[in-house]
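K.L.:
Put the two chains together into one complex, using the hints given.
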Amino acid sequence: MTGKTGAASGALYLHILVLAIVIVSELIGIQRLPIGIGTVIFLPILYAFALGIVFNPAIFKATGKFLSRDAVKLSGAMITVAIMPFIAKFGTTVGPQISKIIEAGPALVLQELGNLGTIIVAFPVAVFLLKMGREAVGATYSIDREPNLALIADKYGLNSPEGAGAMGVYATGTLIGTFVFAIMPPIIHGLGVFDVRALAMSCGVGSGSMLAACTGGLVAAVPDQKDIILALAAASNILTYATGLYVGMFVALPLTEWLYNKARPSERRTAA
Amino acid sequence: MSNQTNTSANYAEDLALSPEDERKIDVVGHAGLLLIACAIGLVANWVGTGTSPLTALPGMATLYIACIVGLALARFVPFYLPGVAWVSLIAILITIPGVPGAAWVSEKVEHLNFLALATPALAYGGLALTANEFAIARRSGWKIVIVAICVMVGTYMGSVVVADLFLRLGQ
Chain A
1 MTGKTGAASG
11 ALYLHILVLA
21 IVIVSELIGI
31 QRLPIGIGTV
41 IFLPILYAFA
51 LGIVFNPAIF
61 KATGKFLSRD
71 AVKLSGAMIT
81 VAIMPFIAKF
91 GTTVGPQISK
101 IIEAGPALVL
111 QELGNLGTII
121 VAFPVAVFLL
131 KMGREAVGAT
141 YSIDREPNLA
151 LIADKYGLNS
161 PEGAGAMGVY
171 ATGTLIGTFV
181 FAIMPPIIHG
191 LGVFDVRALA
201 MSCGVGSGSM
211 LAACTGGLVA
221 AVPDQKDIIL
231 ALAAASNILT
241 YATGLYVGMF
251 VALPLTEWLY
261 NKARPSERRT
271 AA
Chain B
1 MSNQTNTSAN
11 YAEDLALSPE
21 DERKIDVVGH
31 AGLLLIACAI
41 GLVANWVGTG
51 TSPLTALPGM
61 ATLYIACIVG
71 LALARFVPFY
81 LPGVAWVSLI
91 AILITIPGVP
101 GAAWVSEKVE
111 HLNFLALATP
121 ALAYGGLALT
131 ANEFAIARRS
141 GWKIVIVAIC
151 VMVGTYMGSV
161 VVADLFLRLG
171 Q
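These protein sequences, in sequence, are chains A and B.
Under the numbering used here, the residue at position 42 of the first sequence is numbered 42, and the numbers go up by one with no gaps.
Under the numbering used here, the residue at position 87 of the second sequence is numbered 87, and the numbers go up by one with no gaps.
A few of these clues could be false.
[Claimed, not checked] Calculated lysine-lysine pairs in the DSSO-like style (CA-CA distance at most 27 Å, straight line):
no., chain 1, residue 1, chain 2, residue 2
1, B, Lys-143, A, Lys-131
2, B, Lys-143, A, Lys-155
3, A, Lys-131, A, Lys-262
4, A, Lys-155, A, Lys-262
5, B, Lys-108, A, Lys-226
6, A, Lys-61, A, Lys-73
7, A, Lys-155, A, Lys-131
8, A, Lys-262, B, Lys-143
9, B, Lys-143, A, Lys-100
10, A, Lys-226, A, Lys-100
The hints are simulated quantities; they were obtained by calculation from the structure and are not laboratory data.
Just chain B, same shape as in the assembly (with noise of 0.2 Å):
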């Protein structure tokens, strides 16, 4: 079945894929992970934004134990969910009219630009690519690029082109 060798098996590990390996998230260690990418989110929003960290913060701690209990369920739930869906659920989850706190939530979040926060994940993912990566871009040529760019334009307009239509359907 698998026909996997050692070639791929570098590959993957180099690429940091398998998400089962979320099953086993060290909680504790990405809590002072994500401390530092929260401190650094602060500042981003702090320049992007001219909000102070201080007003930020009440707003980022929230965020922040979002995230660690976000986490905790990816690990000990008995089924599959990646962390980043968690994180969403229990994000809405808080900020849903009627739920007790909602409102105070969705007050001290709106001092955090959004973009902001996604400015220093991006900084590490220019940092994070690795000579193979660069090399696999390279190795796979000009024709890859163009069927890359089909494919982000596809998966983008056939979704847009389905929710229009039904987006007029239900009108």
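Here chain A stands alone, though its shape is the one from the complex (with noise of 0.2 Å):
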């Protein structure tokens, strides 16, 4: 009976903490700091999230009184489904754009294809520079999120080297995903080079906050674009929900794994 009504109002502060992180949040705004490359953009996103750490009672004791493990347990479903009429409100933009979308069918197609550059950037720095071991393997052939750490977990378990490579960099880009999202697309905007709707449909990566992150720094940089921008982000998004588990079981996985047994041949060992 307690327990019940412990868990009903451990829901309840929850809620209501989180809408006073949001309120806080969106009325310190969207903040600009102009660095010598280009602006940092700071996103209400940020201050959010950044809240919501400040607060967890995993952090903050006093919060435990309240928070119950339950509560906590509630805020990661909730995740998801607050995260939905983000995901709908993205899906609007496209519709209107529909036949620029189409226009660039090729290029956002094949930036799916793209996504592969974290083999060809994060690879050699894991083996070669920091020297790791099979951790690489989990660490460096996708950006890890969700599904991708499903696929580590299916085939290696998630105890296995490749599975501490995968969750550390699925739990350190959980920590600053949507910092590093936020800051690094207005400063490549900035350098002149790339058209800005690459820039944009390459913000789909897969994951809400690092696409919600991407997207609101870019059109905090270019707010006339803001139409083209997020269509393309949500449509580049949507074709990763689609693609990205294949393109990491079929490809990214086995070419990592390839590589990985290239540059280290003395530790080759028989497919597991």
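P.N.:
As structure tokens, this is what we get:
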């Protein structure tokens, strides 16, 4: 009886705390910090995430009194629920721009393969510079969001070296991904080299918060292109949802395995 | 084939992984939670843009219905596509020019700022992190932080370069 009341009030406290965090974050609003090579853009989603961590019961013991373990668990379930209206709003930006999307079609589809760029950039750093072992395979084959992690869990188990690498990048990405994706695109746009449409369609990496940060930063930097930025990012994100797991399974992971065996022939082991 | 142990199963449970769980989505239970999320979203939009919740309500109601239909499709269609993908596809469909009501939907959702709608999810995200996730990040050490940043930069820049190239070729 009391347990049930406790769970209900824990849930109520959770939603009220979220409401308070949201109001404060939106009141602060978008802030711009000009630096030499461009502008660093701070978005309300960053403050909301940071405030969430500050009040997280695992960090701030006082909120543990109000937020039970169940409330924290509910909060986890609420992420996927609360991102839905955002995803829906994002989708509605595509319809009106559908002819421009189709026009950019080949670039939009092929940039999905560009996600393999993680292997080009991160694999050599992990294997040759940081001398990591098989953790590097799990860590660098993809951006390691939930579907990618599930693939690693299925193939190697999460307590394997590959699993540890994937989990590490997953946890780090969860902690700093929003920040990285809010900061990076406006700075790259500032270089003046790339088409803003290319910057926009690359925002779809299969994570709602990274998508929000990336497009938020770009729109703040190039407000007059808002409609096309949102539409292309939304379209590319849907493509990633649809293709990400399969690219990982049939291209990225076998490729990373192959590269690792070439880089460390002495460690070669028979396929699991 | 599968060499998972208890530890990995615990991890997976704590991180709410396994996409196949979505096949068992409780659409009715989600409808209530989604209502709370939409209400907080309206407040975020109000504070962030000054648009009154009443003005934004028809747009939000439309998004709500799109979400519910999307979740129901993810639950009942016999092949796997994530709920968010279904939600996106429906939202696209109802705004394509020529589809009945598309102009009305586009006009109504225009009152909603896309970024304000993401704020509640990130607040829940910060609060949802478990001691386990902080521990994993700490245990993985500085090398993983560097690799993670390279992964994010590489994933993004790889797409940017390919997309830019093909946009130029298409011109």
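K.L.:
Output the indices of the hints that this structure fails to meet, ascending.
P.N.:
9
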